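Novice: Now for the letters of each chain:
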Amino acid sequence: MAYAFTGPGAQRPFAGDRWPEPGTWTDRARASRVEHLPVWIAAELWVVELEGAVHDVGTQLRADHGRLVEQVDGWDGNAAAAFAEDCAARIRAFAARSGPNDAMAAYREDAASLGPADANVAGWVAAHAAAAVEGEDGAVRERSRQAAWLAERLELRADGRVTPRAPARR
Amino acid sequence: MSEAQGMLSCREVVELVTAYLEGALTEAEEVRFEEHLAMCDGCAAYLDQMRRTIDVAGRLDPKAVDVEACDRLIHAFRTWRAGSEPEGGS
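The listed protein sequences derive, respectively, from chains A and B. Under the numbering used here, the first residue of the first sequence carries the number 1, and numbering increases by one thereafter. Under the numbering used here, the first residue of the second sequence carries the number 1001, and numbering increases by one thereafter.
Hints are computed from structural coordinates only; laboratory data are not their basis. Check each hint, because a few of them may be wrong.
[Claimed, not checked] Quick list of the computed label-pair ranges, beta carbon to beta carbon: (1) A:E152 - B:D1048: 29 to 35 Å; (2) A:A15 - B:A1028: 17 to 23 Å; (3) A:D102 - B:R1072: 52 to 58 Å; (4) A:G9 - B:A1076: 43 to 49 Å.
[Claimed, not checked] Facing chain A, a subset of chain B residues (Cβ under 7 Å, in silico): (5) E1029; (6) V1031; (7) E1034; (8) E1035; (9) L1037; (10) A1038; (11) M1039; (12) R1051.
What you are looking at is a predicted structure, and each value in this text was computed from that prediction instead of being measured. All C-beta atoms in this analysis are idealised placements derived from N, C-alpha and C, irrespective of residue type, glycine included.
So here's chain B without its partners, still in its complex pose (with noise of 0.2 Å):
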């Protein structure tokens, strides 16, 4: 396959950006990815940035979180229906 056949689209790379970060695509995948990244800046900031919500969600310490903070959450999020509003909701 040659390089313009074979690069990706940016929506394609959006698909597959988590699959990307876990280390899920094969190597030949993983260069098609990088190739399109090499030369598409909004594609390779998109990727920056997931990196970093990752990195930053990934420390979160539910010990951190008050206990109230956290019953209330659980509740909403068990009480929550499609289509309605979840209880407690600000």
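So here's chain A without its partners, still in its complex pose (with noise of 0.2 Å):
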């Protein structure tokens, strides 16, 4: 089990198609790990299940077969807006330890502006300008710490699936 984000309507990033139905399968399938999510935010996530080989290509699952699961129903713009504004106070923080420079300038600027369609790039930003302050081992620090905001907020398990909520009371 794996998460894709995908555009609206389960459409397949930059493949100029959509996943088929949940449930029915279909090739050449990508996903990703929770620990990568924040690279590849998009309007939709969706719970994969992947069949056949299965290897990791940097941030990327590629499998033989996947297939949609479910679509996580706690990724909509309420939690994207969250997400980016998290990000943004990152980037305030970094920005107020770093002191005074141009690039750090640029990424506050950022941090003002963002909204809650421009998540995946807070999520960048946030991580460019952990690199500037504490190095590019501060931009991996950064990315699992958003990876980690995405699983408590969504409830995500590192095997792929959503944690089963208890039965609202009557």
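Assembling the complex is the task here: the two chains are given apart, and the hints tell you how they should meet.
Specialist: Given below as structure tokens:
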């Protein structure tokens, strides 16, 4: 099990087509581990089942076959806005630590203009701001922190499942 | 290579877009290419335009082109020299 961010309506990023209906297998599937999800943020998030040969290529998982299992409902405009704001706060914090310089001024400007539609960019800028202050290890730590944020907010599990919610009391 | 170090520039993405669409990149290169697209709306739109252009151009049927127009085009290409206008151009 893994996760895949998609465009609206399960549009496959960059492929020019859509995932088939949930439950229907497709060839050459691409997904991501939780730890790399911040790199691929998009409109919808899905739990994906992979089958056949599965291998890591950088921040992607590639498999012979895959299918959508269920959409992660918690990833919506509110969650994207919260993620972007969380990253903006990180950017401001890194800028405060670094002292005045042009790169940080640009990052700080970015932070001031980030909205829900910019959650992907917010994560990227925060990682770069971290790299500017703490070096490349800082960027890796910042991306890990973002992944943990997503996992906690969306109740994601490392095996790709969403934590079952307790049934609502009547 | 870290994400920040490995990020392609927009110029590099433009240079690689044909190879990407033809499946000529290595898997690692493809992922770096897509990582850039994931956070760059401009390059993602460019890729989409290229894919649509190839899709539309690939569906042109040579038989659907008027014979006279085809002859004029072939003549124009054959007589075209660098620095000069093709003959019969409008």
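Novice: Does each hint fit the structure? Answer for all of them.
Specialist: Quick rundown of the hints versus the structure:
no. : hint                         : in the structure
1   : A:E152 - B:D1048: 29 to 35 Å : holds (34 Å)
2   : A:A15 - B:A1028: 17 to 23 Å  : holds (18 Å)
3   : A:D102 - B:R1072: 52 to 58 Å : holds (56 Å)
4   : A:G9 - B:A1076: 43 to 49 Å   : holds (45 Å)
5   : E1029                        : violated (10 Å)
6   : V1031                        : holds (4 Å)
7   : E1034                        : holds (5 Å)
8   : E1035                        : holds (6 Å)
9   : L1037                        : holds (5 Å)
10  : A1038                        : holds (5 Å)
11  : M1039                        : holds (5 Å)
12  : R1051                        : holds (5 Å)
Comparing the model with each earlier hint shows a violation of hint 5 alone; every other hint is respected.
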